Amino acid sequence: MTLEEKLKILADSAKYDASCSSSGSKRINSGGIGNASYSGICHSFASDGRCISLLKILLTNCCIFDCKYCINRKTNNVKRAIFTPEEICTITMNFYRRNYIEGLFLSSGIIKSPDYTMELLIKTIKMLRYKYHFHGYIHCKAIPGASEHLLKELGSLVDRLSANIELPTENGLKLLAPNKEENKVTKIMSYVKENRKSSFAPAGQSTQMIIGATKETDLDIMNKSEKLYKSYDLKRVFYSSYIPVNKDKLLPSLTTPPLIREHRLYEADWLLRFYGFKTSDLLDEENPNFNILMDPKANWALRHLDEFPKEINQVSYYDLLKVPGIGIKSAKRIIACRKNFKITFEDLKKMGVVIKRAKYFISCNNKYFMNREYFKKSFIEANLILEDNVKIENKKEQLSLFS
Amino acid sequence: MNIYLYDGTFKSLLDLINKLIELKIKPLDIKDKENFKPNILDNMIELELDMEFDISKIKVSKNIMKTIYYVYLSSDEHKELIIYYFLLNALKYQDKIFTMRNLKCVNSALKLAKRVSNECHKLKGFVRFKEINNHVLYAEIAPDSDVLELLSYHFAKRLANEYWLIKDVKRNMYSIYNTQKYYIVSGKNINLKDIEIKEEEKEVENLWMTFFKTIGIEARKNKRCQMNFMPKKYWKYIIEMEDAYEKGNNR
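Protein sequences, first through last, are from chains A and B.
For the first sequence, my numbering begins at 1 and goes up steadily by one.
For the second sequence, my numbering begins at 1 and goes up steadily by one.
Please note that the accuracy of each hint is not assured.
Each computed DSSO-like pair below joins lysine-lysine, with the alpha-carbon atoms no more than 30 Å apart [stated by the list, open to error]:
#1 A:LYS349 <-> B:LYS104
#2 B:LYS59 <-> A:LYS367
#3 A:LYS350 <-> B:LYS202
#4 A:LYS310 <-> B:LYS104
#5 A:LYS329 <-> B:LYS66
#6 B:LYS181 <-> B:LYS92
#7 B:LYS181 <-> A:LYS332
#8 B:LYS213 <-> A:LYS350
#9 B:LYS114 <-> A:LYS26
#10 B:LYS181 <-> A:LYS26
#11 A:LYS74 <-> B:LYS233
#12 A:LYS349 <-> B:LYS66
#13 B:LYS59 <-> A:LYS339
#14 B:LYS111 <-> A:LYS26
#15 B:LYS104 <-> B:LYS66
#16 B:LYS223 <-> A:LYS329
#17 B:LYS31 <-> B:LYS233
#18 A:LYS332 <-> B:LYS31
#19 A:LYS329 <-> B:LYS233
#20 A:LYS342 <-> B:LYS223
#21 B:LYS232 <-> A:LYS342
#22 A:LYS349 <-> B:LYS114
#23 A:LYS310 <-> B:LYS96
#24 B:LYS236 <-> A:LYS131
#25 A:LYS339 <-> B:LYS193
#26 A:LYS350 <-> B:LYS104
#27 A:LYS68 <-> B:LYS213
#28 A:LYS339 <-> B:LYS114
#29 A:LYS350 <-> B:LYS232
Computed list of chain A residues with no C-beta within reach of chain B, every gap over 12 Å [stated by the list, open to error]:
#30 ILE28
#31 HIS43
#32 GLU170
#33 LEU175
#34 SER240
#35 THR255
Calculated directly from the structure, the hints in this document are not laboratory data.
Remember, predicted model here, so these are calculated numbers, not experimental data.
Each residue gets a CB set at the ideal place from its N, CA and C atoms; glycine is no exception.
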């Protein structure tokens, strides 16, 4: 098998992993090649619009597990390949020198045993770091069930060390991934959390959930995310629309992946991490799923219209963040600027506020943008939905904003 | 009112603006004399400038100076005047200036500085080196803003042990790095006729193309989104977009 054929197989089987971020590490170049960029750098964008930052490959797609949703499951009849450590190093170095990539994302199917696979990963990355003096970004997936001393060794070599939770509930996991146990994944997460420092997985950890393969609601998913963020200091939870790669009576038969649902989950995820929202603000047992027609923040605002309109020159930072169309940056700018002058609608544009969304929910110096009679749920809702639908039809979704 | 000329360098621009502020002169415009074609009615003035002007004489914070430098790197035709008014206010208000977006010159300056830093960040990813003779790495770029210096700083750290060259095709400027330091040189003073690209280079490029094509998920295909993040104007120099560049679209 040529190197190119191998790369094709092992990139193809790695592509369903959503994470490609290269941020959060300050690794410097000490006498070799490469360094990390704290903000991360995207080097290219694939045909699906997702960013390509890292060389995303599996060490091997051979696997002793039989997870129903996975293209590499044991019972699938697909071409199998395995990279030698030397091959991975050669490709990484060749790509990195030419500035094609920001670093390496290495995951693997499980061959022989978790420990055996981990040892192969470690061998590869050690070679890259010590023989090739590579100081660029490396994100490695830990193998659930591997021994602690191997986690320790791998973590000290990479920038990010993580494990995928795969499904939002233990039941889902039992159904579709009978060989995986949630506690083996969370064990890795706790270990990374406890040991993280500048010399051990400095960029922290992330995880991924498959959306739409099992019957869980958005509420189940967001509750899980919230818990994961709280318990393990995760940098990110990635949501990956289930794409039917296998036929199985346990799997749904979707024709298109639920991309808009995935998009809503990412929006909500942002609200949890940066906007001071809790899952319980956004969803409950009666409304366990997000409105496909409207983003979660606008949806929340409409249900709490009594808290609006918010006075731009007065309300707190977190109140500003609750306004649709105002983000972290624009909220900070408003806070800084209003110390110096009274902000008007005109000024808001300059601060990066999305006026066409925000205008319904704010007042500037007690002025509403139009007659106050129109400050009604039905009016605002209709306008917002109209706008969003045009957006969805024209642009589909800007999914790779989030990966 | 008069148009004042400087020689295109950052130092000379700051020296000029500093003098204008000291003399309380409000210029109609400030222009780079190398690239400026005067109108018959324009009255042009060249003040005597100090080649060794010490920028630290201007009493503003690092952040303000950085913003001014970034505006200077932009390709906006009014950048000099924007810098003049921005600095005029910055001397008065110091760091508070960053919260005064209601002033037109502040808003314009911050916007331009942001545009330059965004383009620089994008190019940190989009620059594509090819290996030429003697293992030297060579890349071409054609950015809107003059980000060659900023990029050189980035790659001098990242590819510290390599010899590399980056050419800004638009401005005919080169950055040359010799494993120790980079030098920015005009294309007029450089002769690069004997560039050879080796056979093996094609192999690495093919490997990259294989990866690039494989990593996209067919069921999620979204070329419009791809183009939003990787705008057409950069395609010419991005290996994996060469086909799209020649066709004129990425479909």
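Report the numbers of all earlier hints that the structure fails to satisfy, in ascending order. Failing hints, ascending: 2, 3, 6, 7, 8, 11, 18, 20, 21, 24, 25, 30, 31, 34, 35.
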